[in-house]
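Chemist: Below, each chain spelled out in residue letters.
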Amino acid sequence: MSRIETADVVVIGAGIIGAACAEALSAEGMRVLVVDRGAPAGGTTAGGEGNVLLSDKAPGPELDLAVASRRLWPELIERLRAELGDEAARVEWEPKGGLVVATDQDAIGPLAILAEAQRAVGVEAVELTRGEARAMEPHLNERVVGAVHYPGDAQLQPVLAATAMLTAVRARGGEVRGGAEAHGLMFDRSGKVAGVHVGDETIACRAVVNACGPWSGHFSAAAGAPIEVLPRRGMVLVTAPLPHVVGRKVYAADYVAAVASSDVDLQVSAVVESTATGTVLIGSSRQRVGFDEALQVEVLRRLARSAVKLFPVLAGVPVMRTYGGFRPYTPDHLPVIGEDPRFPGLWHASGHEGAGIGLAPATGRLLADLMCGLPPGVDPTRFKVDRPAVMAEVRT
Amino acid sequence: MRVRFDGVEVEAHEGQTVAGVLLAKGIRSWRTTRGGDRPRGLFCGIGVCFDCLVNVNGVPDVRACQRVVAEGDDIRTQAGAELPS
Amino acid sequence: MRRIVVIGAGPAGLAAANAAALHGVEVVLIDAGAKLGGQYHRQDALAAGDRFELPRNVEHVANAAVWAIEPVDGGHRVHLRVGPADGPDRKGRAVEARALVLATGAYDRALPFPGWDLPGVFTAGAAQAMAKGQGVAVGDRVVVGGTGPFLLPVAASLIGAGARVVEVAEANAAVTGWLANPKGALAGWSKTGELMRYAGTLARHRVPYRSRTAVIEAHGSDCVESVTVARLDALWNPVPGSERRLEADAVAVGFGFTPQLELALAARCRVEDGFVAVDAVQGTSAPGVFAAGELTGIGGAELAASEGAVAGAAAAKFVGAAVEPPVRAMAKVRSGRRFAAALNAAYPVRSGWHDWLRDDTIVCRCEEVTKRALFRAVDERDVGAVRSLKLVSGAGLGLCQGRVCGRNVAELAGVDATGFAKRPIASPIRLAELAEEEPVESPIDAEESGRALGVEY
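Sequence lines, in order, name chains L, C and Y.
Under full-length UniProt numbering, the final residue of the first sequence carries the number 396; numbering is consecutive throughout.
Under full-length UniProt numbering, the final residue of the second sequence carries the number 85; numbering is consecutive throughout.
Under full-length UniProt numbering, the final residue of the third sequence carries the number 457; numbering is consecutive throughout.
A hint or two may mislead.
[To be verified] Partner residues are not named here, just some residues of chain C that face chain L (Cβ under 7 angstroms, in silico):
| # | residue |
| --- | --- |
| 1 | K25 |
| 2 | D61 |
| 3 | A81 |
[Said to hold, decoys possible] Only some residues are given here: those of chain L computed to face chain C with a beta carbon under 8 angstroms:
| # | residue |
| --- | --- |
| 4 | P243 |
| 5 | G316 |
| 6 | P318 |
| 7 | M391 |
Keep in mind the hints are simulated off the structure, nothing from the lab.
All C-beta atoms, glycine included, are put in the ideal place defined by N, C-alpha and C.
Hey, can you work out the whole structure from these sequences and the hints?
Modeler: Written out as structure tokens, the structure reads:
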């Protein structure tokens, strides 16, 4: 593979969002270079569960993006398969549906209200009795009160998904370069982005996409256009491989509240699902601790408790691994997708927090539409960069 | 002491591990793999490789090389991935 | 209360516990085994009593699995489960200390070859542990293979347990040649006599000992029935035409050792070239954390014990005990490391083993990942680092968490292996156990911990 010296677009960050942007841009015929200071798909993407969820979002711009993304994922996978072959396009896509469970009477009301609102915007959400929920998931705690079934929820394996998209970028004449840190921009006389400094090289390009995930704030500050994207830590437990125990993505109703919260303190709510290899993943925790990676046993303990409460059969099952990572959090809980008004040619695609895997294809598509002057499939207004929650310089 | 392996009574001694009891009886494998359904038994012998997994008293994923037998233990071949009973 | 935690009761951990206890420090000595001594001094599990005695101020926590180390203000909290291995009813404990000595040792490196997943293929350490600890030979006709002096005591133990050792296949030059050279790097090494005795045992039992030879395949349907051995060239490629088939029902292989790094990484110790980096008093890059034994470099029991004595004294000083510099032990560490370096240089692992594998040879035993699948993931996904390599290939994702396959997979894929050793959950724990609250014993006094400083002599 030849080493690119000039590109149409340089994407900074080879995680799921950078990969999706690069895939969409290269599909539009652009020559794309993706750089990452670490290894491709080795950061936040490798620490994710692979959620493609509609269920956890209330009607609004994020749900619109999620609905678009949910439609795009299977199309994208099909396109990659046609282009790259079955193995290189393998992403362990499982359109298995989600089950949101109320574990006490108090949770039933809010859950039904949310489902009603989601149905109003076209999301399939079926309210179930305890009996119906347990018929669907026989190992579910017999004390659950009720549940809502979301047939549209899906799952995939994020590292496979990101690397498959990056393979397509390479196949279309682009390049993916790991171990290459971008640390500043170069401008032309009109003040437009003309290149990016990567390591000790400068790569000429017409546009730069900041897709650095939780590190987007760092890169944007180094580039002179700070945006407010903060790390929020999440941990996941992985059990030993098990026979079939959990069919869908099953989570407790309080997860929706935790997703929408801005609390600095630890929040834990059970999210339980099987993977293609037989392990069961147990999330989710949210905590704002900066980039502190130190293990906190209390977080694991609370994850374990919440999972056993949903599925008592898991009590005797070994946990063999825990992993986690930092998710890119914005103060108003909406992604940032668009061009930076301060520096034409600098684009941001970040701030998806724990939903980046699900939102990736629609994010890449929207960014490519905006950059290429195509009519956007999703209203970009609420994701724009110059909004008070995101433009860090106005917050000091 | 007496323990059982796959329903058959086996003589065991204080301090023996499950692997020690089974190998002394000439039994080489007591697990099958999830993917290929292949037989496995002891490999590293010191608790590192998790290849010698066995079901003891209804609990799967027990390392035979590490578990010391107790009177009456019901030891069973572990077939692939199992749930505790 | 001045108190330290020592993890691992092999030669290094025992020496550390003794040294710290001698200086009046309370020691909690935690080990997975029922008896003291670790792998090297493995005791007969069927005999009564313990041949090691500890000072009164050492609490020996036996049958314990340390599953996490958590940094806390002023030190570390060590989480363990005590009771029958992998059982659901183990007792949970959490012990805090300002100083830790990690002496978690190492385990055999096994290289893959066609048939290595058949029952009847064991690591050399397994053969040794079963013979010494359980009084059982792993087979009737056993081929011993691999590299390094450790193959000799393994073969001798097998003979002692009643097996017939068919052949010892050393992939490098003969150990005895190195030992006998009066001007060689190992001249004056204290282990020479012991190894010569093992060599004598093999000679008396007419066991062929062949250098530059390896077991490159095991044959059988459901267990080992025979093996193929071949001569190796200098890079360990099999010499065509040199293959011989040996009837055997067991194989014991060991290609050096891999340190148990997960607890050191959890305590945020710096790792260099695959081992925990330590200073002159065995201090790691993490304040209050000391490491001794194979964790810091493969060097054998005697060096491990010297390092343990230094680490124990340094840990005692760290928590405020009056300690004279352990100059004799420090001198023994220096000379021990010279022999260790010479030995490790003499018994490298050469890359020719990559060619022993066939496309369908399993490289990750837990997840049954073949060489073909691994190379395909490497070529098509181009990930370049362990974290994502595991997720695209499946290698290292099983219950052993890459302990067995990690170094081999990293070598085949051309990535750094240390990532495989990041295991924040250091030993599997059942969900109900994890859910349970553990009382924290002896929490660190915040005031006292303010004094925590490095140790200098």
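Chemist: Run every hint past the structure and note whether it holds.
Modeler: Verification of the supplied hints:
Hint on K25(C) is violated. Least Cβ distance to chain L is approximately 27 angstroms, over the 7 angstroms limit. Interface hint at D61(C): satisfied, since its Cβ lies 5 angstroms from the closest Cβ of chain L, which is below the 7 angstroms cut-off. Taken as an interface hint, A81(C) checks out: its beta carbon lies about 4 angstroms from the nearest beta carbon of chain L, inside 7 angstroms. Because the closest C-beta pair between P243(L) and chain C is about 5 angstroms apart, less than 8 angstroms, the hint holds.
Taking 8 angstroms as the C-beta cut-off, the interface hint given for G316(L) holds, the closest approach to chain C being about 3 angstroms. With a least beta-carbon distance of about 5 angstroms to chain C, the hint placing P318(L) at the interface is held under the 8 angstroms criterion. A hinted interface residue such as M391(L) counts as satisfied when its beta carbon comes closer than 8 angstroms to some beta carbon of chain C; here the least separation is about 51 angstroms, so the hint is violated.
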